[in-house]
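If you're matching them up, the sequences are chains A and B in order. Numbering of the first sequence is given in our numbering, commencing with residue 1 and proceeding in unit increments. Numbering of the second sequence is given in our numbering, commencing with residue 1 and proceeding in unit increments.
Hints may be right or wrong, so weigh each one.
Said to hold, decoys possible - Pairs of lysine-lysine, BS3-like flavour, derived with a Cα cap of 25 Å: (1) B/K308 - B/K177; (2) B/K169 - B/K337; (3) B/K151 - B/K282; (4) B/K308 - A/K95; (5) B/K337 - A/K119; (6) B/K174 - B/K207; (7) B/K151 - B/K207; (8) B/K337 - A/K142; (9) B/K52 - B/K169; (10) B/K177 - B/K337; (11) B/K308 - A/K142; (12) B/K52 - B/K101.
The hints are simulated quantities; they were obtained by calculation from the structure and are not laboratory data.
In case you want the letters, here they are:
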Amino acid sequence: MKPDVDQVMQGFFGTLLMDVAPHLNAEYSMGNVGIMGMMMFMTAEEHDRAAEIRVAENTEMRALFGEAARVVEDAGLKARLGEAAGSRDASLRIKALDRANAALGGLLVELQTHAEASKAPWAGALEARIWDYLVAATERRKLPFPSLG
Amino acid sequence: MTMDDLAPRIAAYLARKMPQASQIEVSGVSRIHGGASRETFRLSASWSESGKSKTRPLILRRDPVASLIETERDIEYNAYRAFHPTGLPVPEPLYLETDLKWLDRPFFIMEQIEGCSAASPFNAEPYGPLAETLGRQFWTHLGRIAAADPKAIGFDANMGDIAPADCWKHELDKWEKVIDEDELAPQPVARAAIRWLRRNPPPPPPKISVVHGDYRTGNFLFNPEGHIRAILDWEMCHLGDALEDVAWAADPLWAFQRPDRPGGMIGRAEAFAIWETESGLKVAPERLRWWAVFNSLKGLAIWISAGKEYQTGANRDPVLAFSSWYCTDVHNRVLAKRLAELSRETRQ
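Can you make the complete structure from the sequences, with help from the hints?
Below, the structure written as structure tokens:
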């Protein structure tokens, strides 16, 4: 069998810190190896979860836009929200998911700005709904940090 | 340019700056991590002067091709020049050079503080048993920076005047521009922070103070006996509201797993009390709240900028990639939670 990517990344992290760094003389190089090792540790997790995180975010933003499209009065924004709510991820490649995520994120900025400025009855609930999404999304993206102590 | 190439060129420069010296040699040139906005080198210079052999360990800070954040090296150099005579622990600045003929890029040279280390802000216990003694000095020195008269010590050279009421807007405009220019994808949390900061400007500070701009764990050197020997990394220093530094030093990013103990040292209440005593100023809650949100946004701007430098290949220093991944992640999380709370308060 082939070792899993996360196993390889975590193995390389250990090799860099335990086998490579101690044999380096230059302080700057040692620092760089340490940083690269930490990022390999993070990559082990990120590789496994990257698609799931992006699909979840994109799905949740589309659902949020669908709800918002029902209450927002601005015709142009309503149309863009409806269109985004109906879009789908055609590819699970990370770059494709990131492109969709960026497009949806841009619309989220527009929607949140609109909600903050609105005195309509629905605005407070929509704002809270957007913050619930952002708090959950940023928590979901939390990167693991190696314990070196 | 290799380290071997650098040594004779630095020696030639020192020979020009030190006409009284002869047989100048530069050895032990080694790059170190020391502030990601400049390339930092440790070196040793030796020479003969009046029949005596002399040696001095030095630090050279050279402008990079691209960096974590663009800063003017003369602002940083002048901060060292202003504070060194005051007794604040900073290295003695020696030479500032903008002529590219010496090392291809502008640079400055300063004293090297030996026998000291800097802690990583990404360590759960960055100072171990020295945390309390270092913490008291850390906040004492920050209070002294806030108490300093910028004009009297010459800190304000080449800096424009700023009115107390304009401090917040000046800084927010500057960092929003960085995000505008460097974001590679929309940043909903950062944009929400900018809107909140503009809707809720802070009261003006009682006076214009020196702001270090990056005063935190990792940016000072201490010796094994627990004495802070050098406050470093003044790249982002400016004139403004002293609470900007207080909020940055207390930012959750630098506290790692202990947000109740800023920078992994002493508790917030004791820290702020020391700062108030030394600075003669008050930690006004409304202003601190604004600067705390601002500083997490400023952090995001720096990490976003770092990510662009790495992504575009302008600078492949691994610390830029790390900052972009890890620090963006932390500050997005910190800001999202804080802004969600503030949004609820506003709507109630």
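Legend entry - 25 Å Cα cutoff - pair B/K151, B/K282: Measuring from Cα to Cα gives roughly 22 Å; hence the hint holds.
Inset, instruction - Below or equal to 25 Å on CA atoms is what counts here, so check B/K337 against A/K142. - result: holds (13 Å)
Legend entry - Pairwise hint evaluation, B/K207 against B/K151, where the allowed Cα distance is 25 Å at most: holds (13 Å)
Inset, instruction - For the pair we were handed, B/K308 and B/K177, check the Cα-Cα distance against 25 Å. - result: holds (14 Å)
Legend entry - Hint consistency between B/K337 and A/K119 [alpha-carbon to alpha-carbon, up to 25 Å]: At roughly 23 Å apart (the allowed maximum being 25 Å), A/K119 and B/K337 satisfy the hint.
Inset, instruction - With a cut-off of 25 Å on the C-alpha distance, tell me whether B/K169 and B/K337 pass. - result: holds (23 Å)
Legend entry - B/K177 paired with B/K337 [C-alpha distance capped at 25 Å]: holds (24 Å)
Inset, instruction - Assess, step by step, whether the Cα of B/K174 is no farther than 25 Å from the Cα of B/K207, and give holds or violated. - result: holds (21 Å)
Legend entry - Satisfaction of hint between B/K169 and B/K52, Cα-Cα up to 25 Å: Violated. B/K52 to B/K169 sits at ~55 Å, over the 25 Å cutoff.
Inset, instruction - Measure nothing beyond the straight line between the CA atoms of B/K308 and A/K95; if it is 25 Å or shorter, mark the hint as holding. - result: holds (16 Å)
Legend entry - Satisfaction of hint between A/K142 and B/K308, Cα-Cα up to 25 Å: At roughly 20 Å apart (the allowed maximum being 25 Å), A/K142 and B/K308 satisfy the hint.
Legend entry - Holds or violated: B/K52 to B/K101, with C-alpha atoms at most 25 Å apart: violated (30 Å)
Consistency with the previously given hints fails for numbers 9, 12, ordered from lowest to highest.
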